[in-house]
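Engineer: Order-wise, the sequence lines are chains A and B.
Okay, so the first sequence: first residue is 1 according to UniProt numbering, each after it adds one.
Okay, so the second sequence: first residue is 1 according to UniProt numbering, each after it adds one.
The set of hints was computed from the structure by calculation and includes no laboratory data.
Among the clues, some could well be false.
If we take Cβ atoms under 10 Å as the criterion, some of the chain B residues that face chain A in the derived model are [said to hold, decoys possible]:
id	residue
1	Ala-68
2	Gln-74
3	Pro-124
4	Tyr-129
5	His-188
6	Trp-192
7	Phe-194
8	Arg-199
Per label pair, the in silico range of CB-to-CB distance [said to hold, decoys possible]:
id	chain 1	residue 1	chain 2	residue 2	range
9	B	Ala-345	A	Asn-22	41 to 47 Å
10	A	Asn-22	B	Lys-286	50 to 56 Å
11	B	Val-342	A	Phe-46	55 to 61 Å
12	A	Asn-22	B	Glu-244	41 to 47 Å
13	B	Gly-386	A	Ala-64	53 to 59 Å
14	B	Lys-287	A	Gln-45	48 to 54 Å
15	B	Glu-165	A	Gly-44	49 to 55 Å
16	A	Val-33	B	Ala-452	54 to 60 Å
17	A	Lys-4	B	Gly-276	32 to 38 Å
18	A	Ala-37	B	Gln-101	19 to 25 Å
19	B	Gly-294	A	Lys-4	54 to 60 Å
20	B	Glu-335	A	Gln-45	51 to 57 Å
21	A	Thr-40	B	Leu-274	33 to 39 Å
22	B	Asn-170	A	Ala-64	42 to 48 Å
Don't be surprised by glycine CBs; every beta carbon is placed ideally from N, CA and C.
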Amino acid sequence: MAFKIVTSQCTVCGACEFECPNAAIRFRKGAYVIDPALCTECEGQFAAPQCASICPVPNTCVPA
Amino acid sequence: MSSPLIPLSGLKIATRKEMGQGGCSASSCGSKAGPDDMDPATWAKVKDHPCYSEEAHHYFARMHVAVAPACNIQCNYCNRKYDCANESRPGVVSERLTPDQAARKVLAVAAEVPQLSVLGIAGPGDAAYDWKRTKSTFEQVAERLPDIRLCLSSNGLALPDRVDEIVSMNIDHVTITINAIDPEIGQHIYPWVFFQGARHTGIEAATILRDRQLLALEMLTARGVLVKVNSVLIPGINDEHLIEVNKAVKARGAFLHNIMPLISDPAHGTHFGLTGQRGPTGAELKKVQDACAGGANLMRHCRQCRADAVGLLGEDRGQEFTLDKLPEVIEDAPEAREAYRVWVAEERRDRAAAAAAAEAVVPAAETPTLFAVCTRGSGRINLHFGYATEFQIYEADADGIRFVGHRRADNYCLGGHGDSERMEEILRVLADVPYVLCAKIGDGPRKRLAAAGIEAIDSLGQDYIETAIAAVLEARTARTGRDAARRA
């Protein structure tokens, strides 16, 4: 149960990194990646996953 | 980079003697806000800021650094994937910088460009939302270059949370983009906003955004921060409504209102571009601007520059200062900036005197006359026609001589085609302008302008703009008088 970032569509703005309540998103080798071990899909924390809610590109933060 | 001081002779600024005294015998400028039009504290804040003072934009340069790419809203005129080196419009950059890289770039530019007075952070992204990067950049620059003013631009949503820090960091110029105060209209401009952990859409999104924007405006003006409000004019969506926006922001203390045209093209990949929403014509823009008379002061000299622009408004030296071109060791040259500011102070006094003198002798023209001016700054006619990528438009009538806007005819607009297309574009943008004033012009272009009914005048090169305009009008009046006498 985790989200992933579609790197080819990502604008690398970093907004998801700010908003992730689990510090699961890191910038590595020029791309943002979600650590599936830390991602909770914001279950119990927010009504919707924060990364997908702030991401400017549709269908870029999606279920892994 | 061994010499910390850049001699003024290297700046391509002639001494005032070399330029002549500009003929304090002529010219004017009624409407441009100067020291006589505002309180001394406000004038001190804006006098070196090219975006806040039309008068200052003849002398001072700004630079933007793109350090804050994250944004908390989506606008229908924005596509953050877009990046083009030849494009000149807001939100476009060639390279994004970390705060450390940005600080280095600012130091390099300050050492090379003594006209530099302002550092702005204006996207792509939102400077107040992506605050950690914005703040780190400003802190590093403030420490190394205390004489450079800091400003930022924001959609306003996160701004109320940053007011205390903005004040404590001496950021005394903030721009908020407000395109609507009626959420019924705002919902057609903003598909969503992200606020307090959730994405909001529709009227709710537009209401949240509007409330936060007006709150930020009130909070900032209450703390003495000068706030400029930008509005994008979108025909059929908010054109008439911007008059209401103008009143609302004036009532809340906005210092300046900048109504600028939507730039829209399918190639930009924006919602508006893809759905065929057009930008306004020059006449439509002027109509809305004119309808705001009596409200918040309007900015008419905005160039809608790139988010990594460097230089005087209307020029962009950004490509000279990309990361790979920055020197290893950067030595600041504060003396050069100080020397330049002293020079500007003298030059301004001369220009003001020349303008007043010109205004006094301008013949009372029956109808307003437009002039297209080729200038690279200092309020003088000092640019070859062939190098002009834009024209500053001045209007002269019985009320005096004033700057009314600029018209672009740069290569981008033409898709990079040759001189022939460029000339076509110039003739198109200057269709209602009978005179072009420039430092020099070739015979070919002169004839093509003449064929279109536009007289090119290069005999007044280096004069102050107002001085030259008054001289042209005086000569015309004298000629008309002689013709009348001959007919009689």
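Engineer: So which hints don't hold here, by number, going up?
Structural biologist: The structure conflicts with hints 5, 9, 15 and 18, although it agrees with all the remaining ones.
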